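There are 2 protein chains.
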Amino acid sequence: MARAEVVVIGAEVLTGKVTDANGPFLCAELRALGAELRRLTVVPDELEAIAETVRAASARVDFVITTGGVGPTLDDLTFEAVAAAFGVGRRRDARLVDVLRAFFGDAVVEAHLRMADLPEGAELLFSDGLRFPVVKVRNVYVMPGSPGILRKKWIALRERFREAPFVLRRVFVTLEEGLLAPTLEAVRDAEPDVTLGSYPVFDDPAYAVQVTLEAKDAAAVERATRRLLERLDPRTVVRVA
Amino acid sequence: MARAEVVVIGAEVLTGKVTDANGPFLCAELRALGAELRRLTVVPDELEAIAETVRAASARVDFVITTGGVGPTLDDLTFEAVAAAFGVGRRRDARLVDVLRAFFGDAVVEAHLRMADLPEGAELLFSDGLRFPVVKVRNVYVMPGSPGILRKKWIALRERFREAPFVLRRVFVTLEEGLLAPTLEAVRDAEPDVTLGSYPVFDDPAYAVQVTLEAKDAAAVERATRRLLERLDPRTVVRVA
Chain D
1 MARAEVVVIG AEVLTGKVTD ANGPFLCAEL RALGAELRRL TVVPDELEAI
51 AETVRAASAR VDFVITTGGV GPTLDDLTFE AVAAAFGVGR RRDARLVDVL
101 RAFFGDAVVE AHLRMADLPE GAELLFSDGL RFPVVKVRNV YVMPGSPGIL
151 RKKWIALRER FREAPFVLRR VFVTLEEGLL APTLEAVRDA EPDVTLGSYP
201 VFDDPAYAVQ VTLEAKDAAA VERATRRLLE RLDPRTVVRV A
Chain V
1 MARAEVVVIG AEVLTGKVTD ANGPFLCAEL RALGAELRRL TVVPDELEAI
51 AETVRAASAR VDFVITTGGV GPTLDDLTFE AVAAAFGVGR RRDARLVDVL
101 RAFFGDAVVE AHLRMADLPE GAELLFSDGL RFPVVKVRNV YVMPGSPGIL
151 RKKWIALRER FREAPFVLRR VFVTLEEGLL APTLEAVRDA EPDVTLGSYP
201 VFDDPAYAVQ VTLEAKDAAA VERATRRLLE RLDPRTVVRV A
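Quick note, the sequences are listed as chains D and V, same order. For the first sequence, the working numbering begins at 1 and goes up steadily by one. For the second sequence, the working numbering begins at 1 and goes up steadily by one.
Bound conformation, chain D alone (with noise of 0.2 Å):
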């Protein structure tokens, strides 16, 4: 199972002026292909915090997507700072000015050139449809900030990421957490590669927790299931989804 982190790089995003829409986007479709996303960081734009938050990630999964910070301005540093990551130089990359050349035209100005600046050993990931490549630095995929164009990009690049899938069956009970905990910790000893989740809701008189089972491994996650609902009191049991 490829193990994934996502590096979210934006000050707007920590200071409150945008909510994120890259992270959860990647989130849910990361799960989807069947990755395990370890851990999401969202850092400011500056050089040293980039560098040293996908240096970390790099060496502790398989794969990093960043998110931002890849225009021409001065608060566009990824490129940079994956350089620093890896202790690497930069040079600019002739195919890469050439597709910034077609694209601006004569107004195309030494500030969009240095948008192809890029780290050394970097590939670029074309792909029919996009009008810019993804740039891949070793395990690092750097991708935009805009939401709209992250999508377009992902999508151009996920089948790339997928495998076996993650099954997901949940519980909808009307026990409270406290006296679930007991027969949740059963469970997951019988079936200790199935992870279970414990979601109390506090505003829904339906139901007072949701408990996940999930796991890739389909028959574990069916016989965990079956365990819960054999120790649970079939009367507090609102649904099994």
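It is worth saying that the hints were derived from the structure and are not from the lab. Being a predicted model, the structure only gives us computed values, none of them experimental. From the three backbone atoms N, C-alpha and C, an ideal C-beta is built for every residue, glycine too. Incorrect hints may appear among the rest.
[Claimed, not checked] Calculated pairs, DSS-like style, for lysine-lysine (alpha carbon to alpha carbon, straight line, at most 27 Å):
no., chain 1, residue 1, chain 2, residue 2
1, V, Lys216, D, Lys216
2, V, Lys216, D, Lys17
3, V, Lys216, V, Lys17
4, D, Lys136, D, Lys152
5, V, Lys152, D, Lys216
6, D, Lys152, V, Lys17
7, D, Lys17, V, Lys17
[What the hints assert, rightly or not] In silico negatives: residues of chain V with every beta carbon more than 10 Å from chain D:
no., residue
8, Val97
9, Leu125
10, Ser127
11, Phe172
12, Thr225
13, Arg231
Starting from the structure of chain D, add chain V where the hints point.
The following block gives chain V in isolation, referenced to the frame of chain D:
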């Protein structure tokens, strides 16, 4: 200026089951109070991941806010992880046991009382109108994950974080980001204490980029805004807010 980090503890966010509401809420609140949020990290319900993240965050900034993982079930590991982060043990807090017994009455079970197993050195912050106190361990405020309860607790707590506010000016321009880049660099060089942000939009015919100018020093923000406007062709400026 107080520097803060937020640690969101919750596999449900990383697995895309739930879109985190607490992070965006705290981002906006901390900004409004004048605190500088340096980083927001979402980690799974795992002892080691939480402990490592809390330890690093606590060392980097003035205060840390965690959300989630404080209930009575097996995915509630925050207190255990905060204790591990600081290399201290846990002991059952008698005052919190009293609060829990008063709340649950005859229905109280051992799983409830385990919620009172706090890291050594924990402080309880009681407040009028709060059923349960906020638990503080060193510079870490441990908050619940349920958004409604978090908001209530936050409101009881927030005035302790208030300091001089940030001053924000926003300039909307029709100029494309690459053409704007040298102007922003000149303003940054002249007013290095003002944080500049540049946010392009690609689907709004009214403007191309929102420039933000921000600092606690209102006079510096006004100077920087004036410098920016002096350097721009007035026909490219849509609005100053």
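Exercise. Against the structure shown, which of the earlier numbered hints fail to hold, in ascending order?
Worked result: 1, 3 and 5
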